[in-house]
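Enquirer: Chains as they are written, first to last, in this note's numbering: chain A, 1 to 68; chain B, 1 to 180.
Hint data in this document are derived by calculation from the structure and do not stem from the laboratory.
Note that beta-carbon positions come from the ideal geometry of N, C-alpha and C, so glycine has one too.
Keep in mind that the hints are not guaranteed to be accurate.
Said to hold, decoys possible - Only some residues are given here: those of chain B computed to face chain A with a beta carbon under 7 Å:
id, residue
1, L34
2, P38
3, T41
4, Q42
5, S126
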Amino acid sequence: MSVNRNNVRERRAAKWAADLMESVRAVLAVRPEADPDNVRHTLILLQQPPLERLRKSLTRGRALAQRK
Amino acid sequence: MAAPSLNESELHFLRALLRRKVRFMVVGLSAAALQGAPVVTQDVDLWFEDLNDPRIRQALREVGAAYVAPSILNPPLFAGGGVELFDIVLTLHGLGTFAEELSNCIEIPVGRQKLKVLGVERILASKRAANRAKDRLVIPVLEDSLSARQVAGSRDRRKSDASRVRKTTRRKSPATKPAS
């Protein structure tokens with residue numbers, strides 16, 4: 001049962017990753033000088049609601065400021 | 001220090017401004033973050049058309065905050081009520097007037113209201129014009145993010161067009177069958 005559930009989860013994750021990388025390649029085909037990490041992170045963030053994107057940005061910004 | 005993300009009082013303040021129809025927009029890196037740019041920021045920059053608009057004071061009062069006028073020691077600030085996270089922007093390098101830039105905004109829902117957020121193209125224009133060391137660091141990230149958004153957007157549109165065509169074809173297919 002749990003093995004099946006794990007398989008399903010892994011298959012979904014692999015499909016998500018494959019779709020994501022296809023999108024990254026499509027962007028790089030149009031703009032080869034783009035940094036693949038910037039492109040990938042943008043595409044991941046676009047899958048989330050806007051306020052969640054802002055929350056992540058602020059959380060990291062504050063953490064960096066505290067480390068300084 | 002303010003909370004690391006938009007908390008209830010910050011959202012309350014934004015809603016209070018929107019409910020009163022105060023003319024403002026989110027600008028800077030927080031605006032870029034709202035649109036998916038992988039950037040980090042410590043504050044949310046708000047550009048008001050008119051800082052003397054009494055409705056801003058009313059919204060501040062509603063959340064228990066106040067406006068601190070600029071002096072030699074400080075820029076204009078919001079204080080108290082948990083809204084210190086918001087920075088007041090008076091001018092933006094390389095951009096048009098507030099009214100001109102309003103047409104370059106996208107709208108993001110906050111509750112029942114829509115928040116105006118300056119588009120990434122215009123944020124890039126202001127960063128290029130300001131050209132400080134910290135702006136130069138973020139310009140390539142914004143450029144890459146903008147390309148990703150544009151390509152992803154056009155791919156999504158193509159996919160949804162294709163799915164619409166498939167649905168239309170399926171709906172039409174019984175009618176195209178020859179009558180038996």
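Enquirer: Any hints this thing doesn't respect? Which numbers, in order?
Expert: 5
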